[in-house]
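Undergrad: The hints should help you fit chains B and C onto chain A, whose structure is shown.
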Amino acid sequence: MSSESPSDQSPTQDELDLLHYELRINRPVRMKIPEFLRDERLRHVIFSGQFNVDMLEELGGIADKIRVLSKMREGQDFLIKLLHHKRAMLYFTQPSTRTFLSFMSACQILGITCNEVRDPTTSSETKGETRFDSIRMFSSYFDLIIMRSKLARLAESCAYLMNDLSETGNRSVPIINAGSGADEHPTQALLDIYTLQRTFQFTDPKDSPITTRFDELRSEYPELTRGLSNKVYGFCGDIGRGRTVRSLASLLTNYENVTLIFIAPNDPTLALKDDLRQRLADQGVRMHEVESFEDQIDGIPVIEQLDALYMTRIQKEHNDPNDEKHFAELDLSRYKLSQSLVSRMKTFAPILHPFPRDQHFGEIPPEIDDDPRAMYFRQARNGMWIRAALLATIFGVHHQITSFFHEEYGGVNDRVRMTNAK
Amino acid sequence: MSSESPSDQSPTQDELDLLHYELRINRPVRMKIPEFLRDERLRHVIFSGQFNVDMLEELGGIADKIRVLSKMREGQDFLIKLLHHKRAMLYFTQPSTRTFLSFMSACQILGITCNEVRDPTTSSETKGETRFDSIRMFSSYFDLIIMRSKLARLAESCAYLMNDLSETGNRSVPIINAGSGADEHPTQALLDIYTLQRTFQFTDPKDSPITTRFDELRSEYPELTRGLSNKVYGFCGDIGRGRTVRSLASLLTNYENVTLIFIAPNDPTLALKDDLRQRLADQGVRMHEVESFEDQIDGIPVIEQLDALYMTRIQKEHNDPNDEKHFAELDLSRYKLSQSLVSRMKTFAPILHPFPRDQHFGEIPPEIDDDPRAMYFRQARNGMWIRAALLATIFGVHHQITSFFHEEYGGVNDRVRMTNAK
Amino acid sequence: MSSESPSDQSPTQDELDLLHYELRINRPVRMKIPEFLRDERLRHVIFSGQFNVDMLEELGGIADKIRVLSKMREGQDFLIKLLHHKRAMLYFTQPSTRTFLSFMSACQILGITCNEVRDPTTSSETKGETRFDSIRMFSSYFDLIIMRSKLARLAESCAYLMNDLSETGNRSVPIINAGSGADEHPTQALLDIYTLQRTFQFTDPKDSPITTRFDELRSEYPELTRGLSNKVYGFCGDIGRGRTVRSLASLLTNYENVTLIFIAPNDPTLALKDDLRQRLADQGVRMHEVESFEDQIDGIPVIEQLDALYMTRIQKEHNDPNDEKHFAELDLSRYKLSQSLVSRMKTFAPILHPFPRDQHFGEIPPEIDDDPRAMYFRQARNGMWIRAALLATIFGVHHQITSFFHEEYGGVNDRVRMTNAK
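Protein chains in written order, with the numbering used here: chain A, 1 to 422; chain B, 1 to 422; chain C, 1 to 422.
So that you can see chain A by itself, here it is in the shape it has in the complex (with noise of 0.2 Å):
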């Protein structure tokens, strides 16, 4: 019977659908992004590397004036109304409880319905069905399909579907990557990108007409700019698995001026990858590999030289057993955060960390949380503002919230205003 054991013989027809969109996916980015489009509006979020500073910018205030209506009643009435006629699908076969439940609230806030798939092999997959007919089945179902899946590509694949589907006058949604494989987790840079954002804006509610806290830093740190130009990136531990580092040192390349430093032991699995190196030295990036925070660059040590601080986790879970050997001769302590190494870094330097971070290696101990460095948890909720600017701008009603806004806080001074909100 045909029906038997397909892989051992001819392709399957996942194998078949993947491949007919090999050509599409070996284009340069570039090329890519425009398909992303739609009237020239964001349409599928694929990869970081779609955004420019323009639209980071955009988002960016998009956030922050959600995060300000978010605040009052009548904010909240107005956004969970926004767009309460659609209805998400997060199909998440690949498990991540912190991405999934940002999303989720990202959607609640704007009033958007969840469903999900979160079970890698759904009933239909069991009866033979494939992968594109389970997204044309939630194509046919919901408004927005948000995917986190273990196969690379596989979110790329689905937005060329989409618009295949679109062209042929059938029915499409937008697709949104929230984290395919080990290559691309767009949403995250974003959030990343945003949280830098607002620590470099250098507001504070307290700041009094006379005196900003940005004046005060100036005295002791005369260079210093508002933005994220003309700073100074470090990013400490496991390097060269981190997804989120490679797409946050991707992006940071669009801003002027920035120099990125990369702190992690001299070992082909954590220390930075080839091909980002290479990435990054094409584009002209100021760029330095260091072992330590204690490793000095023109006589001063990088902890000193930091603007901000991007910790990471060892992804243990993605050992093989070479790197278990390896690591073992390696000193990790290093690669860990300590009440004596953050007093040294510059008083506005933020600290992140994608999170979860890991208890039983302590790359950042908890008694750090209360520095006011420490960024980590607002972090997190950043992330959920900057993935309802998306949705927003997706769904094309970004314009309203800002009209809105405008009308509601029309004769206050925005950055004041938006500053009190936590």
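Heads up, a few of these hints could be off.
Any copy, or any two copies together, can satisfy a pair, since identical chains are not distinguished.
Stated by the list, open to error - Computed cross-link-like contacts, DSS-like style, restricted to lysine-lysine with a CA-CA straight-line distance of at most 25 Å: (1) K325 <-> K127; (2) K316 <-> K127; (3) K273 <-> K336; (4) K273 <-> K127; (5) K150 <-> K127; (6) K127 <-> K336; (7) K150 <-> K273.
Think of the hints as simulated: they come from the structure by calculation, not from any bench.
Every value quoted in this text rests on a predicted model; they were computed, and no experiment measured them.
TA: Same frame as chain A, but now just chains B and C:
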């Protein structure tokens, strides 16, 4: 202790509960139908046999209106408030992603909040709770129970339980059967009928005042009429185990002058079952059983005679060891569609499939998906609309939908507007 | 590598986190109660001991109003908008379908959007995340955490964590204990109390202006009073392990002139535990322990003396091998109710059960379900109303409910209206 191993001794309460309703279950269907109504309105949905042509046409009309209203913001806002005070329990102890998501979506369109229990062993059952106690618990918290179970007749028993509760002055809620064992899946039959209703309206958004698509088709097929009557319906594949085939074939007998052709191997598992053959014969339906699309009836190959084709998957997950042996000797490739077969079908004849289709068997290869006769993806979306129409009817808000629709579209030709919706 | 097998060495961060709150946990309850308030309003719900008679009566009054409003479309629309901007996390690492669904329903009645994590091992925990980091993540995304855990005191610790975050200017949300280990399940106690409150109002929709049900009962029971005071409460079955018995018995001591009778085998596992006996004795409550409904107190069999009977299931899933042996020698059939026993109870005395009941043991056979004294199904629904009242109180919208109720029903006798709701 008396709480031990109940199975080898006296009957459990669960068994007694089902026995309690045995007499009522064994009555002829026509005696039961009035019990699934309340105040002459649909209350419980248990069998496809509950629905006569008038009800099918009314439900289709409501589904059409919901579909059109859902395309506009005003209509969406109206729909989503209609039942936002109602809460549904989706109690799916037999898994089915597709039916589950379709019901979820239908509920959400009308604003109904959904809750789910999908684990076959809830924690309460492991503590010795009876199924009926679980159902009464659900009826305490929710306003509707949509249930899918491996147990034939469980949904029917629950409907009787609810009716009994109602008669003793207790709280009682409607029951919808979303598939019970091998016997019934009434809402699948409704969506199949609805897909045929829409196809056989023969209207098209591009119809001009001078000629319509129906006029053009009539020049090629002079006998063609609108509606489900006077048609030849083909069913292909796993006829014996296809519960959707059983339900749809039964409902079609309500329409005048229909011919049913079953295309299946001459095999005791896969061919038409005796009870269904007998039931159709009793109703005087014209009926043929053939082994191939190429078999001729009145000198014309079956494939060229069909006004609609219902394809099915070979349900190999239900094979027993004997089946495996039989099937190896059959030429099952005859029960796959191909582009050359489709090219010989009537130009308007819709191809349906209850989905999922099986990529390994390939009963409908993907190259057919772009053929205008391929209705199976729209069929899925139709399921959402007809289920929404069903829910609106059960909760008695269907007249509000009709009124709102006519206020909005009063002066316009309904049919043309409706076909604009996709 | 330091991330390995933490258990056999230094304490994990999870262990340190719990130790951090040990001193606060070990304080007497009365010292803790103020910490579960904020601005004199209920903030966290951790113990049943938090609730005094005034709070219990106020909560019951709000629950009554929510129940009545829920019967009319106007009231439903009012309720569903009250908290539609709030999002709750139901973090149930110890499964419980019944409590879970009751909380879901309570949230939904007030428009609160629900999210859930039910898997004991979330993906983040397997990556080394601490429980407290998980809870802080939830508090980033949601406005309320309802938690059920096998760990005694986890909910209490989380309440302290939230208070500490609040004091350091961080985001903090209310915690509700939905069952923690064997020690506390405060909302179950609230629904038991609420069921008694409603029963002992002795009002009936059919009460005429001339005589009421209460008047009739007084002719039979001249000592009868309205309310929970001056009553004899019986608890039957698994008294030793019944956490609901512990909580309810404790709360009842707040009322005047109550007598508690525990009907359980003389067995170290099943009989009243020493600590509870001591606590009740310290409060000067009248208390009896008997082994059968037939045992006499002051010459009258217990079954004939009860004003309310609280039945429980033998929690055999918690048996240890010793228990099995003991239990085989006991006559457990004495702890089952029967129609003949019920017929000897006072005509108004409600029968409660925390549910699920055990069909194999049969502590309440189904033939009793139709007796007007059987309150256990209504009790479940009461749980939904009292939990909604609790949520309204925590979010400070209870006064809006009262105002809206009085606007709608200003001129009418509240009690009569309320009893019309089922």
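Undergrad: Determine for every hint whether it applies to the structure shown.
TA: Against the structure, the hints:
Taking the shortest Cα distances, K325 and K127 sit within 25 Å of each other only across copies (20 Å), while inside one copy they are farther apart (42 Å). Only between protomers do K316 and K127 lie at most 25 Å apart by alpha-carbon distance; the minimum there is 8 Å, versus 35 Å within a single protomer. For the homomeric pair K273 and K336, the shortest alpha-carbon distance inside one copy (21 Å) is at most 25 Å, but the shortest distance between copies (49 Å) is not. Proximity of K273 to K127 under the C-alpha cut-off of 25 Å is restricted to the inter-copy arrangement: shortest distance 23 Å between copies versus 40 Å within a copy.
For the identical chains of this complex, K150 and K127 are neighbours both inside a copy (21 Å) and across copies (17 Å), given an alpha-carbon limit of 25 Å. Only between protomers do K127 and K336 lie at most 25 Å apart by alpha-carbon distance; the minimum there is 16 Å, versus 48 Å within a single protomer. Proximity of K150 and K273 under a CA criterion of 25 Å is satisfied intra-copy only: 20 Å inside one chain copy versus 44 Å between copies.
Every hint from the earlier list agrees with this structure, and none is contradicted.
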